[in-house]
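Chains A and B are the protein sequences, given in the same order. The letter at position 93 of the first sequence is residue 93 when you use this note's numbering, and the numbering goes up by one with no holes. The letter at position 125 of the second sequence is residue 506 when you use this note's numbering, and the numbering goes up by one with no holes.
Any given hint might turn out to be false.
Each computed DSSO-like pair below joins lysine-lysine, with the alpha-carbon atoms no more than 30 Å apart [as the list claims (entries may be wrong)]: (1) Lys679/B <-> Lys233/A; (2) Lys226/A <-> Lys709/B; (3) Lys637/B <-> Lys709/B; (4) Lys609/B <-> Lys591/B; (5) Lys226/A <-> Lys691/B.
On the chain B side, residues computed to face chain A include the following (Cβ under 8 Å) [as the list claims (entries may be wrong)]: (6) Ile409; (7) Asn476; (8) Ala480; (9) Thr616; (10) Trp619; (11) Glu653; (12) Ala657.
It is worth saying that the hints were derived from the structure and are not from the lab. Here the structure is a predicted model, which means the values were calculated and not measured. Each residue gets a CB set at the ideal place from its N, CA and C atoms; glycine is no exception.
There are 2 protein chains.
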Amino acid sequence: MIKKYYLLSPGPTPVPEAVLAAAAEPIIHHRTPEFSRIFMETTEGIKYVFGTKEDAFILTSSGTGGMEAAIVNTLSPGDKVIAINGGKFGERWGNICKAYGLSCKEIVLEWGRDFTKDELEAEIKADSGVKAVFATLSETSTGAVYDVRGFGEVVSKTDAILVVDGISGVGATACPMDEWNIDVLVSGSQKSFMIPPGLAYIAFSPKAWKRVETSRLPKFYFDAVKAKKNLEKRTTPWTPAISLVIQQKKSLDIIKEMGLEKLYAHHRILAESTRAGIGALNLEILAQKPGNILTAVKTPPALDGVKLVKVMQDKYRAYIAGAQDPNKGKFFRIAHLGYMGAFDVITALSALELALADMGYHFEMGGSIKAAENIIKENWT
Amino acid sequence: MIKKYYLLSPGPTPVPEAVLAAAAEPIIHHRTPEFSRIFMETTEGIKYVFGTKEDAFILTSSGTGGMEAAIVNTLSPGDKVIAINGGKFGERWGNICKAYGLSCKEIVLEWGRDFTKDELEAEIKADSGVKAVFATLSETSTGAVYDVRGFGEVVSKTDAILVVDGISGVGATACPMDEWNIDVLVSGSQKSFMIPPGLAYIAFSPKAWKRVETSRLPKFYFDAVKAKKNLEKRTTPWTPAISLVIQQKKSLDIIKEMGLEKLYAHHRILAESTRAGIGALNLEILAQKPGNILTAVKTPPALDGVKLVKVMQDKYRAYIAGAQDPNKGKFFRIAHLGYMGAFDVITALSALELALADMGYHFEMGGSIKAAENIIKENWT
Numbered sequence: 001m002i003k004k005y006y007l008l009s010p011g012p013t014p015v016p017e018a019v020l021a022a023a024a025e026p027i028i029h030h031r032t033p034e035f036s037r038i039f040m041e042t043t044e045g046i047k048y049v050f051g052t053k054e055d056a057f058i059l060t061s062s063g064t065g066g067m068e069a070a071i072v073n074t075l076s077p078g079d080k081v082i083a084i085n086g087g088k089f090g091e092r093w094g095n096i097c098k099a100y101g102l103s104c105k106e107i108v109l110e111w112g113r114d115f116t117k118d119e120l121e122a123e124i125k126a127d128s129g130v131k132a133v134f135a136t137l138s139e140t141s142t143g144a145v146y147d148v149r150g151f152g153e154v155v156s157k158t159d160a161i162l163v164v165d166g167i168s169g170v171g172a173t174a175c176p177m178d179e180w181n182i183d184v185l186v187s188g189s190q191k192s193f194m195i196p197p198g199l200a201y202i203a204f205s206p207k208a209w210k211r212v213e214t215s216r217l218p219k220f221y222f223d224a225v226k227a228k229k230n231l232e233k234r235t236t237p238w239t240p241a242i243s244l245v246i247q248q249k250k251s252l253d254i255i256k257e258m259g260l261e262k263l264y265a266h267h268r269i270l271a272e273s274t275r276a277g278i279g280a281l282n283l284e285i286l287a288q289k290p291g292n293i294l295t296a297v298k299t300p301p302a303l304d305g306v307k308l309v310k311v312m313q314d315k316y317r318a319y320i321a322g323a324q325d326p327n328k329g330k331f332f333r334i335a336h337l338g339y340m341g342a343f344d345v346i347t348a349l350s351a352l353e354l355a356l357a358d359m360g361y362h363f364e365m366g367g368s369i370k371a372a373e374n375i376i377k378e379n380w381t
Numbered sequence: 382m383i384k385k386y387y388l389l390s391p392g393p394t395p396v397p398e399a400v401l402a403a404a405a406e407p408i409i410h411h412r413t414p415e416f417s418r419i420f421m422e423t424t425e426g427i428k429y430v431f432g433t434k435e436d437a438f439i440l441t442s443s444g445t446g447g448m449e450a451a452i453v454n455t456l457s458p459g460d461k462v463i464a465i466n467g468g469k470f471g472e473r474w475g476n477i478c479k480a481y482g483l484s485c486k487e488i489v490l491e492w493g494r495d496f497t498k499d500e501l502e503a504e505i506k507a508d509s510g511v512k513a514v515f516a517t518l519s520e521t522s523t524g525a526v527y528d529v530r531g532f533g534e535v536v537s538k539t540d541a542i543l544v545v546d547g548i549s550g551v552g553a554t555a556c557p558m559d560e561w562n563i564d565v566l567v568s569g570s571q572k573s574f575m576i577p578p579g580l581a582y583i584a585f586s587p588k589a590w591k592r593v594e595t596s597r598l599p600k601f602y603f604d605a606v607k608a609k610k611n612l613e614k615r616t617t618p619w620t621p622a623i624s625l626v627i628q629q630k631k632s633l634d635i636i637k638e639m640g641l642e643k644l645y646a647h648h649r650i651l652a653e654s655t656r657a658g659i660g661a662l663n664l665e666i667l668a669q670k671p672g673n674i675l676t677a678v679k680t681p682p683a684l685d686g687v688k689l690v691k692v693m694q695d696k697y698r699a700y701i702a703g704a705q706d707p708n709k710g711k712f713f714r715i716a717h718l719g720y721m722g723a724f725d726v727i728t729a730l731s732a733l734e735l736a737l738a739d740m741g742y743h744f745e746m747g748g749s750i751k752a753a754e755n756i757i758k759e760n761w762t
């Protein structure tokens with residue numbers, strides 16, 4: 001058989017064919033009116049998805065570069081901050097803060113456990129002078145989605161700024177920056193923005209801009225003031241990844257045509273069908289409050305979780321994601337963000353059934369598909 | 382007429398058609414053996430072009446991010462450094478050093494003026510405790526190429542490290558890192574590496590690695606130790622710009638097949654034909670020691686230099702580059718690096734002739750073409 005490759009990971013995600021084709025067009029210069037127009041339309045599209053009236057900046061970097069930009073532009077050495085660490089990416093906030101000499105209180109949660117706005121409020125009250133709270137919209141390592149709206153209610157009453165990693169979440173689940181009182185929002189190109197990796201996006205609230213003015217952490221490449229001055233001239237301080245920006249413009253056209261509400265509904269339906277399928281297999285979801293971006297599923301106790309992922313990836317070529325260290329093997333992750341459709345969910349569940357059958361797990365073949373199909377059928381409008 | 386667009390700028394540069402097409406292929410995941418193989422072949426190709434046995438690292442960023450990586454990984458706050466500033470990009474070394482609190486002595490040269498190894502030696506001797514010397518192989522703002530080999534002879538006798546911006550030069554002119562005693566070499570994807578912008582490349586000598594161990598400047602995204610640990614596992618610390626890496630692999634295949642010596646000869650011939658053409662128009666080259674990467678040409682005194690560039694760019698759609706601030710209008714730049722051929726030089730000269738004629742400059746039409754053709758003809762083997 002021809003063993004086709006199916007990309008079902010939470011980043012990179014599949015890219016629409018017309019968007020892929022755009023990268024094959026000859027390169028144009030970035031200091032031209034032609035590129036400036038595309039560039040400005042792209043930043044407008046990012047503002048739309050971010051739900052903000054503020055400027056959105058396009059950085060040529062991975063999402064991690066965007067996270068670093070959030071920190072170095074708003075804080076000063078020794079500043080006291082709180083980082084909510086519910087998994088690999090929440091942990092990264094703390095690691096960057098420590099690398100830059102901030103005094104970081106990490107709230108380490110068991111992977112998959114929720115964290116409420118009341119718990120956050122208690123943490124902030126316990127510690128005077130907190131300058132920033134770092135949170136994650138969708139924790140890609142666990143599939144958990146946090147109450148960012150609630151965090152905004154709590155943090156906006158204090159002098160601290162709320163900094164949110166929306167790398168996998170923005171575009172798949174609602175996260176209106178201005179309405180939810182988010183002060184710095186970061187995202188990346190390779191998740192729900194539906195293009196290859198290489199660009200990060202960031203925006204700052206008026207409260208965060210005040211911090212930018214007094215921030216004393218060293219920065220150059222990620223300097224927001226330089227980015228702002230250049231955006232006023234419809235350009236970037238450094239040569240941007242031109243072909244990726246052009247691709248992003250094309251993907252944003254698709255997103256805008258569909259509209260955010262429909263896009264969120266799409267991902268909700270994909271997530272509900274995935275969860276229904278998983279339930280039919282008597283498997284358990286990891287996250288206490290699972291999001292619609294990806295679904296992390298606990299490995300059945302009798303099975304070798306590392307092997308299960310390997311069988312799905314290598315034998316069936318369905319590239320789902322395993323669990324990251326230190327939880328390798330304990331669960332696996334099926335993504336349904338970005339340019340994924342109903343039959344990508346079906347593919348993931350079917351590859352899972354085949355792998356489970358190979359490994360001697362007892363279940364009714366096709367059962368997860370039937371459960372997922374019922375959800376798809378109800379919603380296929 | 383159909384007014385075709387010709388990209389003749391010193392970055393971005395034209396991308397070979399087969400390399401453009403590679404970006405239209407579906408995205409594969411970066412944590413797969415399939416991508417790891419491409420990634421490692423790409424780093425091997427960069428090592429080949431860099432002329433080094435050391436590891437080469439691929440950063441998802443503009444070249445400026447690579448320059449920042451060179452600084453934050455090898456130095457500590459307050460370190461005394463020397464930066465040779467012969468134009469916009471030499472100036473950038475000084476600006477990044479200052480942003481990171483280094484004690485930077487800038488050697489500000491008149492744009493286009495050369496700087497010798499003896500002058501550098503005198504500067505180093507005048508100031509004890511210099512930790513690093515920052516130089517530029519090819520100063521993209523002026524077309525000057527500096528004696529990096531000589532700088533290596535001088536700096537290697539001291540405790541300082543030699544850090545070289547090879548962003549536009551590497552791949553178009555010889556710059557063997559190990560042989561020339563360069564301690565940190567930086568380049569970028571959108572120049573002679575013949576792909577779109579978005580990746581930066583960097584390598585460290587054993588002497589530079591010792592500095593990495595003791596460096597106390599803050600860093601996270603550009604951390605070389607993290608990059609090295611991940612390279613040992615055939616991967617990157619953060620999600621790389623997958624599609625650009627795949628394109629880089631394809632371009633490096635072309636470069637390796639041709640071989641570096643032939644590639645340098647190619648660019649030498651393009652540069653000589655350009656200079657011959659410029660001479661035939663009685664125009665003057667800006668750089669005291671012009672390189673083979675781009676040719677900066679002084680605007681004839683009677684003409685408006687900003688308008689000349691605008692006529693070439695807008696009317697004839699030959700996208701050459703103007704001079705950057707504070708020298709706007711004083712000269713213009715014709716590039717012949719990367720994927721440029723003999724008839725790109727002819728196009729640039731012809732568009733120049735047409736623009737000069739429009740503006741009333743007196744010369745023999747076709748004269749520059751004839752001069753360039755003679756060089757091309759002699760070398761067309």
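Cross-check of the supplied hints:
Taking the CA atoms of Lys679/B and Lys233/A, the gap is near 27 Å; set against the 30 Å cutoff, the hint holds. For the proposed pair Lys226/A and Lys709/B, the alpha carbon gap of about 21 Å is at most 30 Å, so the pair holds. Taken as a hint, the Lys637/B and Lys709/B pair is broken in the structure, with Cα atoms around 38 Å apart against an allowance of 30 Å. Between the alpha carbons of Lys609/B and Lys591/B the distance comes to roughly 14 Å, so the proposed pair stays at or under 30 Å and holds.
Proximity of Lys226/A to Lys691/B is assessed by CA-CA distance (about 26 Å); at most 30 Å being required, the pair is judged to hold. Here the hint on Ile409/B is kept, as its CB sits about 7 Å from the closest CB of chain A, short of 8 Å. Taking 8 Å as the C-beta contact cut-off toward chain A, the hint placing Asn476/B at the interface holds, the least distance being around 7 Å. Interface hint status for Ala480/B: upheld, as the beta-carbon distance to the closest one in chain A is roughly 4 Å, under 8 Å.
Restraint check, Thr616/B versus chain A: the minimum CB separation of about 13 Å is more than 8 Å; hint violated. Among the interface hints, the one on Trp619/B holds; its C-beta lies about 4 Å from the nearest C-beta in chain A, closer than the 8 Å criterion. Given the 8 Å rule on beta carbons, the hint for Glu653/B is violated: about 25 Å separates it from the nearest Cβ of chain A. With 8 Å as the threshold, the beta carbon of Ala657/B stays out of range of chain A, its nearest partner Cβ sitting at about 26 Å, so the hint is violated.
In this structure, the hints that do not hold are numbers 3, 9, 11, 12, in rising order.
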